[in-house]
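**Q** Chain P is fixed; fit chain B onto it per the hints.
There are 2 protein chains.
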Amino acid sequence: MKIIRTVKEMQAASDTFRKAGKKIGFVPTMGYLHAGHLALVRKARGLADIVVASIFVNPIQFGPKEDLARYPRAFERDRALLEQELTDVLYFPDVAEMYPQGYSTYVEVKELEDHLCGLSRKGHFGGVATVVAKLFNAVKPHLAVFGQKDYQQLKIIQRMVKDLNMDLEIIGYPTVREEGGLAMSSRNAYLNADEREKALLIQASMKKVEELFRGGERKARVLEGEARRVLTSKDGIDIEYVTLCDPETFHGLEEVGASALLAIAAKVGKTRLIDNTVLTEP
Amino acid sequence: MKIIRTVKEMQAASDTFRKAGKKIGFVPTMGYLHAGHLALVRKARGLADIVVASIFVNPIQFGPKEDLARYPRAFERDRALLEQELTDVLYFPDVAEMYPQGYSTYVEVKELEDHLCGLSRKGHFGGVATVVAKLFNAVKPHLAVFGQKDYQQLKIIQRMVKDLNMDLEIIGYPTVREEGGLAMSSRNAYLNADEREKALLIQASMKKVEELFRGGERKARVLEGEARRVLTSKDGIDIEYVTLCDPETFHGLEEVGASALLAIAAKVGKTRLIDNTVLTEP
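Sequences listed follow chains P and B, in order. All letters in the first sequence, in the order written, are residues 51 to 332 by the numbering used here. All letters in the second sequence, in the order written, are residues 51 to 332 by the numbering used here.
Think of the hints as simulated: they come from the structure by calculation, not from any bench. Be a bit skeptical, because a hint or two may be false.
Unchecked claim - Derived EDC-like pairs (lysine to aspartate or glutamate); straight-line CA-CA distance at most 16 Å:
hint, chain 1, residue 1, chain 2, residue 2
1, P, Lys72, P, Glu116
2, B, Lys190, P, Asp217
3, P, Lys190, B, Asp244
4, B, Lys58, P, Glu59
5, B, Lys212, P, Glu219
6, B, Lys320, B, Glu261
7, P, Lys212, P, Glu161
8, B, Lys212, P, Glu59
9, B, Lys69, P, Glu219
10, B, Lys58, P, Asp296
11, P, Lys73, B, Asp65
Okay, chain P solo, but in the shape it has when bound (with noise of 0.2 Å):
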């Protein structure tokens, strides 16, 4: 595996890769590294023929009050899972690579920022969006796998792609949880173990949504109610947002149609999980 640390070595190092005909699959990290994220590595080993995997932790993403200080890294774990799985190359920037003196260009898709996530984490996507855009203009991928655990974020980033004429596919790959539901995340390290089971509550309220759903409940308040009394049956969690809403739009729902996402943001502890699941009618 080459690790790559400059924007013009890995701008040459797709440029010779796609001379040679080569497909180019990309799977943009802040690393510390879990089976989610090695599942999405897999994802693009099946569909391309080069796989690059970028670990970057993306300060303009984080808010002034949010863990961008003591967000987790394990550089040399990382590299290890990373060669395990046949990764091609790790392009792993510094911040002055990709933020140098004079920094003054973002990227914002403005009618999905004003949704779930993006209320309490302003400004959160734009860097998002502005940092996916910087690296796909130096991996130059055919494809990049995004987990569907981001929702939002892989909606996002689908749009910019489809409104800037950015020519590659992004492709989402379902959610992978821990034993016992807990979708994985890096910031689940935060977790002791007392957390860790209360955390288990958002799964939980997701399927009592779904088996409502599949029952016949159509009505959005209902629905969202009972998530809520599922994830305040213990103490010490604390939602940010329970919400129905319209996959694509992220608007509001009153009745679930087609289909409908629940998504939710809920503190545990100190720690700020999501998850989503899409209900759709048999």
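**A** The following block gives chain B in isolation, referenced to the frame of chain P:
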């Protein structure tokens, strides 16, 4: 000359050129071509194997009170002119192709927008950066040529390309002038004979400042004052700004150092004209 109207076809054509090892030079325009545009095309012709020119009057760079509806258009004449200059591809998308239903992604170059024309034309440079990013992703050029008449635009695009790691070279080309010195602009078509005469004061004011600068004057207040004096020596010119500033950051100057941008925007009748010159110590 091939005329292409969709992103998909444009990308496919550029992929074919690139696979054949051809260097692609690009000149984006809003049409109603004049000798200034044609000089850019010739510059691209000299530097690249394949020349692509685009014509697209970009609605999102016009303010609500600006001249989008009456912006001059002359497709057949433009086509003939580009053919004479041995342009290989004319990319001519329509508004629905560029901004389909649901469009929501915008690029902004924040530091450089809040100066000069950006102050009166809110959102203008965001619209320019966005459309140029889209055109670059459709045309996939190795280089693109922009006129220095739109100096702030040129700097914003250079900054965007650097910041977003777009892999192409941006080339600035000196302002082409009519006999008498008026900078070539599609908007000159709006001027009647009397206004055209008055518009010559813009270049006269720049010449005056250059002369004083050569004579040793370095105080921005004095130099700007002289330019204003020349511009207002006849009735009918409404100055928007006359500014001496840093040519890279557009920050205002009190003293001119090794170099400075003199930038002018003024209305002659209803027509807004801009021009500029860079003062450089010999």
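**Q** Take the hints in turn and mark each one as holding or not.
**A** Status of each hint after checking the structure:
no.	hint	verdict
1	Lys72(P) / Glu116(P)	39 Å, violated
2	Lys190(B) / Asp217(P)	10 Å, holds
3	Lys190(P) / Asp244(B)	53 Å, violated
4	Lys58(B) / Glu59(P)	28 Å, violated
5	Lys212(B) / Glu219(P)	24 Å, violated
6	Lys320(B) / Glu261(B)	30 Å, violated
7	Lys212(P) / Glu161(P)	14 Å, holds
8	Lys212(B) / Glu59(P)	15 Å, holds
9	Lys69(B) / Glu219(P)	20 Å, violated
10	Lys58(B) / Asp296(P)	29 Å, violated
11	Lys73(P) / Asp65(B)	14 Å, holds
Violation of the numbered hints given earlier is confined to hints 1, 3, 4, 5, 6, 9 and 10; the remaining hints are satisfied by the structure.
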